[in-house]
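Enquirer: Please model the complete structure; the sequences and the hints are all you need to start from.
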Amino acid sequence: MTQPLALPEDDHDGLFADSEEMELSFGPQHPATHGVLRLKLKINGERIVESYPVIGYLHRGTEKLFELHPFFQNIPHTDRMDYVAAATNNQAYVGAVEKLLGLVVPPRARCIRIILAELQRISSHLLWLATHAIDIGAMTPFFYTFREREILLDLFEDYCGARLTLNCMRPGGLPYDLPVGWTGRCAALMADLPGKLDEYEELLTNNRIWKKRTVGIGVLPPEVAIDYGVTGPMLRGSGVRWDLRKALPYDGYDEVEFEVPIGRNGDTYDRYIVRMIEMRQSVRIINQCLEKLPEGPIMAKRPRVMKAGKDAEIYHGIEGPKGEIGFYIVGDGTPNPYRCHVRPPSFINLQSLPELCKGALIADLVALIGTTDIVLGEVDR
Amino acid sequence: MDLWKSVRKVADKLLLPDLFAGLALTFKHMFREKVTVQYPEQRLEPSHRFRGMFRLDEDRCIKCTICARDCPIDIIYIDWHQEVNPETGKKDKVLDRFDIDLQRCMFCGLCEEGCPTEPKSIWLTTKTYELASYDRWKNLYVDMDELQQWQVRPAYTDEEIA
Amino acid sequence: MTSLIESVRTTVGDTLFYGAVSPLVKILVLLFLMILPLIAYLTLAERRILGFMQARLGPNRVGPWGLLQPIADVAKLLVKGDSIPLRAVKWAFVLAPCLVVGPAILVFAVIPLGPRAEAGGLSWFVTDINTGLLFVVATASIGVYGLILGGWSSNNKFSLMGGLRSAAQMISYEVPQGLALVGPVLLAGTLSMVGIVEAQKADRFWYVFPQIVGFFLYLVAGVAETNRNPFDLPEAESELVAGFHTEYSGMRFALFFLGEYANMIVISAVATTLFLGGWLRPFPNVEALAFLDPVPGVIWFALKVFVFLFLYIWFRGTFPRYRFDQLMDLGWKWMIPVALGNLALTALVKLLVA
Amino acid sequence: MSDEPAPEKPAPEKPAAEKPVPEKPVKKHEPEDPNKPLWEKDPVAPAWLDGADDPLTAALKEEVGDAIEAARSFAGDLTFLVRRDAIARTCAVLKEKHGFTYLVDLCGADYPKREPRFDVVYQLHRFSDQRRIRLRVMTDEATPVPTVCGVWRAANWPEREVWDMFGVRFEGHPDMTRILLWEGFNGFPLRKDFPVEGIDTGSAIYPEFYREGAGPVAGSGTGWKPPKPPQEPS
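Protein sequence lines correspond, in order, to chains A, B, C and D.
Mapping to this note's numbering: the first sequence position 142 is 142, numbers consecutive.
So this note's numbering is basically just the index in the second sequence, starting at one, shifted up by 381.
So this note's numbering is basically just the index in the third sequence, starting at one, shifted up by 543.
So this note's numbering is basically just the index in the fourth sequence, starting at one, shifted up by 897.
In case anyone wonders, no lab produced these hints; they're calculated from the structure.
Yeah, the Cβ is synthetic: ideal placement off N, Cα and C, and Gly gets one too.
Hints may be right or wrong, so weigh each one.
In silico DSSO-like cross-links for lysine-lysine, where the CA-CA straight-line distance does not exceed 27 Å [as the list claims (entries may be wrong)]:
id: 1; chain 1: A; residue 1: K246; chain 2: A; residue 2: K292
id: 2; chain 1: D; residue 1: K992; chain 2: A; residue 2: K64
id: 3; chain 1: B; residue 1: K390; chain 2: A; residue 2: K212
id: 4; chain 1: A; residue 1: K246; chain 2: D; residue 2: K992
Sample of chain B residues lacking proximity to chain A, with all beta carbon distances greater than 12 Å (derived) [unchecked claim]:
id: 5; residue: S387
id: 6; residue: T446
id: 7; residue: R450
id: 8; residue: D460
id: 9; residue: F488
id: 10; residue: D516
Expert: Here's what the structure looks like:
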């Protein structure tokens, strides 16, 4: 590798000889691609004619790793897929394993799981808001949201000892009970959070520049959204009132009251509003759970070595912050999963990006990457 | 009503209330308390359950190697042999090697969770987070003695280094 | 002070003194004691104020309260490797930063920091040409060549797009900016910068009051001219990585940086001179405030400039970024018609009053 | 996990750190108390049930005939084994007539001991009654599976992923290229015979510097070679 990089003969810098179009490689080292997404763009001036996402720069073979370890050892690996929403990844995985083994989770564990998952949803949405805003050029919400996210992560740290890669759930229940005083701190934050959300909204929601940048950008009609398999806030932003927490309730979500917000036009602004309301609804769910937190065990009775039945297969999906995160697990009678496939919401949602940014400008593209709320750790796994 | 609406629309166009609301918010924040932690001088106390650097208690350890087996990435290396204890005359397991390759450790805590002794003989709850180092093999590959004596973080501030 | 000036004047003779020595000394003082330190500390102020707005502290490690940070920055940028891309157009790549900084600093020649010389003293400006404002507008518009050249010569598509954006943006916004500047000129009846301030003194009010629309237009256009948030499209870091200066590093990057901040100060200084009465104290027509008269004019001037600079930073801390076509919309469809209307109204009023 | 009985050992006080609450020891060989809550009973793993009497099975058998080779259900999810060449038709029927408009997931699985060795698994969702079903298709290395990209656009990337990871090709797919790995990668990593340690990743990263098969990590792999060179997608 000592020889200097040989330059190709003049290739007109990717300009097509007979047209105005230019090829632009957007990423993987680009500040707005949230990691290592690469988009091959064909642009005419600043207008995008065609885009082709290139992914896989963060591929770590997680699904192969799953096959090598017993069920419980895979939980830390799930943390590292969507690394800003580890609790929901854990929840989806242990949910699938529980379904496979027939484990029943005690009510206290279920309630704490809901609290953790909703805290994680808020923290993931806060991070999304921070990066989305900074993509569109508003720098300040980034710091405000991180201020609150820090307190949230402190709660996670108090509970399980980690801030991002939580490893906080086990098949059949939870590894730890809540520490003393945790519920009080959580309730205090929940009382504080709606006011902080108002602050962010004051900076963005009515701001005419923000509206100009988001209203009518990247419209995704509901039929197209369903056709693309888009889930989560993106689907709800398109006006489909579908939330797995309501549709196929898991971990006792049918016992709490909350509303599922939907958008009207399916544009970037609607998705922004949907996520903002979702955070408020999460606060509402957490408050209910803190109120009714039952006493009792936090771990179900489970076999010492967890083995799936021979030829057993299961698919279990939950509502993650970014959409449906599901695990398809095949068992073969050993303690390891025979096959464990992840349905990553970011991966499927990212698929709709070329459709969204057809005819958009480069400036819209960063808004659209922000609004799809991708985490490349999950896209590439 | 239409008139009122159009008046408001014009006022909205001219007076830019939304932009001024944002400006007011950022201006207010200038005088609020800051959240920055001045790191080397101020340090945040990690929570009690914080998963940091490992500790090992060799006397408590029963050499069952469950921690090594439970580790998802196999970074705990344990060798032991049996030896007759001259005092009691019983056969005891003696650790030859208990190494942890911290470079790859992801601090999941499954080793601690799997440990059958009570209290645990390997634990991560040491409230330590300053593990950065200039020499990975020297400082991030810890053996048995280091695990037992390990209690201070590396020197960081000027006074500590001096 | 006065005696020193007098002794120098008698030694070298009047012609030489007023023709060479005094301007040279003024230029050196202006450049090295005022503009460059101001720019350096403006970067620090921006980072600190932005930090305060964002619930954090900003740089506070180098020196007391971080006051030596700009010096550390300059030292860092000076010793940093200065790379030129293999296929860049070298002469243009090297020339571009100079083209940005040079004109920005040149403009200060005609900006009056204070009143004309009293007997035996020196005036508070380098020179007063009777087409001062024209000089300002003309010189400032050279800067855009630097951006375009820098963007084009880097041989990077992001740079190229940044350069093109800056060209379109700065040319578009020069129109409303120029039109907004005509208002005070009409009121003052002169293009000389000193003359405009003196006219405000004679009229006994700042021109911001009759020209409030023009003032706002100039403010917005000024933000756009300096490529600052919310109009920082040419270097929009989330879209174009760093826009026209993506490939620049080390001292060349520092020059672009310098140019941007110098331009901010220029815009603020021009706005101060034309709309806020330059070195005049607030409300020059109110006798009750006469106790403020002993404060030197340059202090008032500096205070007004700082208010503008704070506005720049404040905007950056608050607003999202416009999109390119929306920026053009705003410039051509809103600001130019409004500026023309404002101009017509001003002319009409002036005609009727006279 | 490891609930081995802990030998009692006199141990000094642990440092001030909260420990997880120890799980209650579960005694064995005791008659189960029927009133115990579910989570204290021994877990009952779900089992396969026959799905032939499901109305959907009957309706589907009528519409696509012998395309449905088997219908079973596990833990409430009805699973159809569909004939390979009829999968696109079956999916279209399910979408058009039965309202399964949402393709949740599409993935592959490798059973090397079986013939044919690969499965492609489709998870379908119906919004009207929140019903989920699963389709599976068996295939081998040589035979491509008809694509369902025409039915759901959501199938595009997952099908590419299955090709990438298992080497199962999809007929009629608009863009049958590798998605997570790069073009020219030797082998299919999620196959059971692919070594976990990895292989010589070959070239195609820097074709101007490295020959085919002489990539940057040459020699560090296990020398594993795929049974036959991967067929380039047409």
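Enquirer: Compare the structure with each hint and give your call.
Expert: Verification of the supplied hints:
1. K246/A with K292/A: Since the Cα atoms of K246/A and K292/A sit roughly 19 Å apart, the hinted pair holds (cutoff 27 Å).
2. K992/D with K64/A: violated (32 Å)
3. K390/B with K212/A: holds (16 Å)
4. K246/A with K992/D: holds (23 Å)
5. S387: holds (18 Å)
6. T446: Given a closest Cβ separation of 15 Å, the condition holds.
7. R450: Label violated. Min Cβ-Cβ 9 Å, cutoff 12 Å.
8. D460: holds (22 Å)
9. F488: violated (7 Å)
10. D516: Nearest chain A Cβ is 25 Å from D516/B, so the label holds.
Consistency with the previously given hints fails for numbers 2, 7, 9, ordered from lowest to highest.
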